[in-house]
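So the chains spell out like this:
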Amino acid sequence: MTTDVIAQDSHDEHHDDHKMTGLKRWLYTTNHKDIGTLYLWFAFIMLLTGGALAMVIRAELFQPGLQFVEPDFFNQLTTVHGLIMVFGAIMPAFTGFANWMIPMMIGAPDMAMPRMNNWSFWILPFAFAILLSSFFMESGAPNFGWTFYAPLSTTYSNGSTAFFVFAVHIMGISSIMGAINIVVTIMNLRAPGMTYMKMPLFVWTFFITAYLLIAVMPVLAGVVTMLLTDTYFGTSFFDAAGGGDPVMFQHIFWFFGHPEVYIMILPAFGIVSTTIPAFSRKRLFGYSSMVYATSSIALLSFIVWAHHMFTTGMPLFGELFFMYCTMLIAVPTGVKVFNWVATMWKGALTFETPMLFSIAFVILFTIGGFSGLMLAMTPVDFQYHDTYFVVAHFHYVLVTGSLFSLYAGAYYWLPKWTGHMYNDALSKWHFWCSLISVNLLFFPMHFLGLAGMPRRIPDYALQFADFNKWVSIGGFAFGLSQLIFLAAVIKCIRGGEKAPAKPWDGAIGLEWTVASPAPYHTFSTPPPQKDIDNANQHEH
Amino acid sequence: MTNKAYESYYVPSQSHWPIVGAVALFLIAVGAGNYVTDLANETSGYGGYILLAGIALVIYMLVGWFSDVINESLTGKYSHQMDNSFKQGMSWFIFSEVMFFAAFFGALLYLRVFSVPWLGGAGNNVETGAVLWPDFIAQWPLLKTPDGTTTTAMGWYGLPLLNTVLLLSSSITAHFAHSALIKNNRKALKAWLGITIMLGLAFMGFQVLEYAHGYSEEMRLYLTSGVYGNSFYLLTGFHGMHVTLGCIMLIVMWFRVLKGHFTPKNHFAFQAASWYWHFVDVVWVMLFVFVYIL
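Residue numbers (the numbering used here), protein chains in the order written: chain A, 6 to 545; chain B, 41 to 334.
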């Protein structure tokens with residue numbers, strides 16, 4: 006089978022297959038695999054950058070009192086850490102996966118708009134160059150938190166706010182173009198016979214995520230624009246003296262922000278819905294319910310935003326409405342968790358590294374989900390709001406959730422990307438070091454938060470000292486553990502055991518019908534119907 | 041799609057336009073950032089020049105990129121499927137634009153329904169009203185802000201009404217132009233498209249007049265005149281920018297028509313420009329209702 010496809014590829018005359026070499030290849034590329042690679046490397050560099058900032062934060066919080074940084078610089082660190090991890094690490098990493106895998110999974114020759122795809126990527130490094138350069142400006146980097154609430158970001162902001170605004174604009178343009186490309190690719194470039202309900206769930210989750218992006222990134226652009234005019238051009242959208250309202254900022258921001266957090270988790274669902282069946286040697290349990298659950302989560306994400314704002318003095322009806330809607334999300338999410346567990350049930354399980362990360366994902370993401378349910382309860386949230394409990398919650402869903410799924414996906418597809426198997430020992434070290442340290446890092450934060458330690462403050466009361474020491478140790482250990490991943494990836498690119506076309510015996514999907522490493526152009530002609538039928542994730 | 045014979049999908053070879061565009065956006069962001077910062081600090085710097093350089097580079101990129109695409113289209117490299125990709129891409133781009141305006145309309149709604157009445161003591165905000173600005177009267181348009189800035193409201197009759205008529209007519213003439221293109225009546229196509237562009241330009245001219253009127257001593261309706269002025273200028277301003285962009289698209293289409301481009305079956309670019317034009321028209325109707333009339 007594999008050889009057939011390669012043979013077809015070499016007969017294809019529509020491609021200009023002379024890859025340029027050196028820098029030009031990467032600057033001018035229109036190839037979805039090259040662009041996927043660029044996204045993934047960029048995201049990993051940003052992950053290390055954002056991680057380095059987090060290490061400084063944890064160093065400062067290692068013991069009470071001010072040790073290393075000024076409070077204002079501490080604020081800059083938390084702000085830029087958040088912005089980098091959200092917009093620079095997690096989102097581009099998922100876009101990288103989308104670029105690499107979607108065309109191969111649906112039997113398409115490339116993304117629908119290959120040149121725009123290149124543009125979507127290459128504006129990102131420039132945006133982050135602008136954001137990071139503000140550290141070296143006289144005024145310092147943005148210091149108002151990644152949520153940039155007014156009036157912190159307007160009346161009380163420092164001189165670099167304009168650069169922050171324009172950097173966010175570029176990130177938004179990048180995300181919208183990337184999302185349009187994903188939507189159009191999926192709608193228009195599926196191989197004949199690949200109906201919507203035959204698509205891998207991975208493709209479904211990116212499809213829905215892309216819709217969320219197209220719907221909410223423009224709203225982010227709108228709110229930063231109002232912030233810009235409030236700060237520099239004398240408008241008063243977020244200033245009561247002119248008739249505006251700072252709380253309006255939070256409404257518009259979280260109308261973007263809540264779908265945004267699902268933008269960072271739905272693709273993770275797609276990845277583990279691929280890996281868990283593969284290493285359980287079963288089909289995904291409840292494929293259709295997974296599709297409907299993902300769509301429900303996406304739709305509900307538009308009517309829950311104000312659960313981030315329970316303490317702003319909303320009318321009681323608003324608090325109740327947003328509380329119940331938020332709790333409703335637990336239903337489709339629960340469907341997913343049960344489906345993953347049911348997929349493993351009575352499966353012939355093996356524990357390769359992608360599976361380890363996936364199982365860790367299911368358990369730890371669920372912990373993050375449960376703390377989310379606790380936060381959803383309005384009266385309880387009054388107590389937890391702006392404490393380390395919230396920090397623990399969203400790091401469980403974003404680090405042990407999104408990031409772990411990315412690692413699961415990376416180890417799963419590295420053989421396809423590089424043509425080599427990764428070093429098993431290194432990957433296991435990476436997994437176990439990460440697993441232990443990440444829990445040491447984030448689990449005690451729950452207790453700190455419940456005891457009342459506020460977030461985003463460089464100092465704390467003495468009774469929090471012991472937990473913070475352990476959290477910091479966990480933080481350094483987790484940060485350093487990620488270098489093992491870097492080593493594993495570089496080793497895998499440079500050599501290692503040759504990977505067969507399908508290294509995982511339980512894996513299904515069109516990407517395993519082509520050679521490893523995947524040829525530069527795949528599916529210039531559509532795959533045979535038999536392969537598409539075999540790639541079907543439904544249980545039989 | 042299942043039983044159709046397979047058409048190959050054109051995947052372009054490497055292109056340098058995206059990276060040129062990326063550098064251009066970088067220059068625009070850095071230039072605008074410096075320019076705005078200098079404005080705030082009342083200093084002078086190179087921001088404006090960097091911004092202009094960025095804009096020039098973007099124009100260069102757009103011209104080059106679109107020339108490539110037009111050449112590929114004219115030399116028959118695009119399949120029906122490719123055409124669908126373009127159409128879907130344009131539709132979703134317009135949807136993203138709708139959401140951009142939704143943010144500002146949402147803000148307008150919030151200001152009118154919540155923030156201004158609350159400042160006047162509505163709901164459970166009696167104390168807020170009494171303590172902060174006891175003399176404040178909640179009204180819309182907000183002619184006197186809590187801190188005492190006064191202004192006047194722009195009426196819906198006169199220029200805005202005229203502009204509504206102009207823009208609605210231009211949507212109809214754009215449709216006539218499209219019908220003429222489908223019937224391969226090139227003469228009617230040129231005429232209707234020309235009229236559409238004229239109507240669009242007239243709209244922009246009157247919009248400028250309206251702004252001049254707003255900024256006159258008589259009206260004193262400024263961008264800084266509290267949330268009424270803020271929402272008025274941001275909504276109409278962003279709409280005006282989109283009309284400008286739409287007009288440029290239509291003008292490019294007019295020149296392409298003169299060069300003999302487009303066939304009754306194959307005219308995606310024209311269709312995209314016309315969709316965009318209908319979209320700015322719909323936004324205007326919303327503006328006319330929510331900003332001017334109500």
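Keep in mind that the hints are not guaranteed to be accurate.
[Said to hold, decoys possible] Calculated Cβ distances over 10 Å to all of chain B for the following chain A residues:
1) 30
2) 189
3) 219
4) 230
5) 240
6) 335
7) 520
[Said to hold, decoys possible] Here are a few chain A residues that face chain B, going by a calculated C-beta distance under 8 Å:
8) 25
9) 28
10) 32
11) 46
12) 49
13) 114
14) 117
15) 118
16) 193
17) 223
18) 257
[Claimed, not checked] To give a feel for the contact side, a few chain B residues facing chain A, derived at Cβ under 10 Å:
19) 53
20) 68
21) 103
22) 107
23) 126
24) 163
25) 300
26) 312
Since the hints were made in silico from the structure, they are not lab data.
Built from N, CA and C at the ideal position, the CB exists for glycine as well.
Failing hints, ascending? 1, 2, 3, 4, 5, 9, 11, 12, 21, 22, 25, 26
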